[in-house]
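Student: Chains as they are written, first to last, in my numbering: chain A, 214 to 326; chain B, 116 to 226.
Hints listed in this document are in silico derivations from the structure and should not be mistaken for laboratory results. The beta-carbon is built from N, C-alpha and C at its ideal position, and this holds for glycine as well. Keep in mind that a hint or two might mislead.
With a straight-line Cα cutoff of 27 Å, these simulated BS3-like cross-link-like pairs (lysine-lysine) come out [what the hints assert, rightly or not]: (1) B:225 / B:132; (2) B:174 / B:186; (3) B:170 / B:132; (4) B:118 / B:170; (5) B:221 / A:222; (6) B:174 / B:221; (7) B:174 / B:132; (8) A:270 / B:118; (9) B:118 / A:296.
Below, a sample of chain A positions facing chain B; criterion: calculated Cβ distance under 10 Å [claimed, not checked]: (10) 268; (11) 271; (12) 310; (13) 311; (14) 312; (15) 313; (16) 318; (17) 319; (18) 320; (19) 322; (20) 324.
In case you want the letters, here they are:
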Amino acid sequence: DGGITQSPKYLFRKEGQNVTLSCEQNLNHDAMYWYRQDPGQGLRLIYYSQIVNDFQKGDIAEGYSVSREKKESFPLTVTSAQKNPTAFYLCASSIGSGSDTQYFGPGTRLTVL
Amino acid sequence: SQKIEQNSEALNIQEGKTATLTCNYTNYSPAYLQWYRQDPGRGPVFLLLIRENEKEKRKERLKVTFDTTLKQSLFHITASQPADSATYLCALDDSNYQLIWGAGTKLIIKP
Chain A
214 DGGITQSPKY LFRKEGQNVT LSCEQNLNHD AMYWYRQDPG QGLRLIYYSQ IVNDFQKGDI
274 AEGYSVSREK KESFPLTVTS AQKNPTAFYL CASSIGSGSD TQYFGPGTRL TVL
Chain B
116 SQKIEQNSEA LNIQEGKTAT LTCNYTNYSP AYLQWYRQDP GRGPVFLLLI RENEKEKRKE
176 RLKVTFDTTL KQSLFHITAS QPADSATYLC ALDDSNYQLI WGAGTKLIIK P
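Same shape as in the complex, but just chain A (with noise of 0.2 Å):
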């Protein structure tokens, strides 16, 4: 089956560690994207690669960083310069540029303890 898988779906971290979300396609899209939901807010752009070995910050990259060394593969890492990392991530795809429809995982909630 085609889709978009993120491990793991919860993750614990203590204060000064840094952790790294997977994200994985199989949809042989070339845009990937990084967001994190807040309650009451709408998702927020970390990190979106439009191609292999490329990608760009979005509206709240700080205290984040991403590597896209494969097409399949977008791993997030929440440094210990994020301040406030409790949240939920979700990674999606989509076929070319961000305002195309977007499939998503089924996210990572990351909580600090």
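Could you slot chain B onto chain A? The hints should help.
Tutor: Structure of chain B alone, referenced to chain A:
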């Protein structure tokens, strides 16, 4: 700045009735608008896309309208069912070819 507003209060509808959700935007001229459904703890799922030159779009029990003069889109679910209960998000393309998202409206269909 660009802004998208969806009713933050939950919408309670009796089963069988039509549910209507609103998406308003300001400082914006999107080429098209999308609606997604999100269930608790899961990622959004695409439902419908409507372009600026389209007044209305339908898919089964779903209907979307797009009024660029009022800067508003309405999302209708006819003959609503408890299984339609979810949060519905609207999203518009911005000038940088990315999507800007509303916070969503929670819809509750009561049997």
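Student: Please go over all the hints and tell whether each is borne out by the structure.
Tutor: Here is what the structure says about each hint:
no. : hint          : verdict
1   : B:225 / B:132 : holds, 10 Å
2   : B:174 / B:186 : holds, 22 Å
3   : B:170 / B:132 : holds, 23 Å
4   : B:118 / B:170 : holds, 21 Å
5   : B:221 / A:222 : holds, 23 Å
6   : B:174 / B:221 : holds, 20 Å
7   : B:174 / B:132 : holds, 17 Å
8   : A:270 / B:118 : holds, 20 Å
9   : B:118 / A:296 : holds, 25 Å
10  : 268           : violated, 13 Å
11  : 271           : holds, 8 Å
12  : 310           : holds, 4 Å
13  : 311           : holds, 4 Å
14  : 312           : holds, 3 Å
15  : 313           : holds, 9 Å
16  : 318           : holds, 5 Å
17  : 319           : holds, 5 Å
18  : 320           : holds, 5 Å
19  : 322           : holds, 7 Å
20  : 324           : violated, 13 Å
Consistency with the previously given hints fails for numbers 10 and 20, ordered from lowest to highest.
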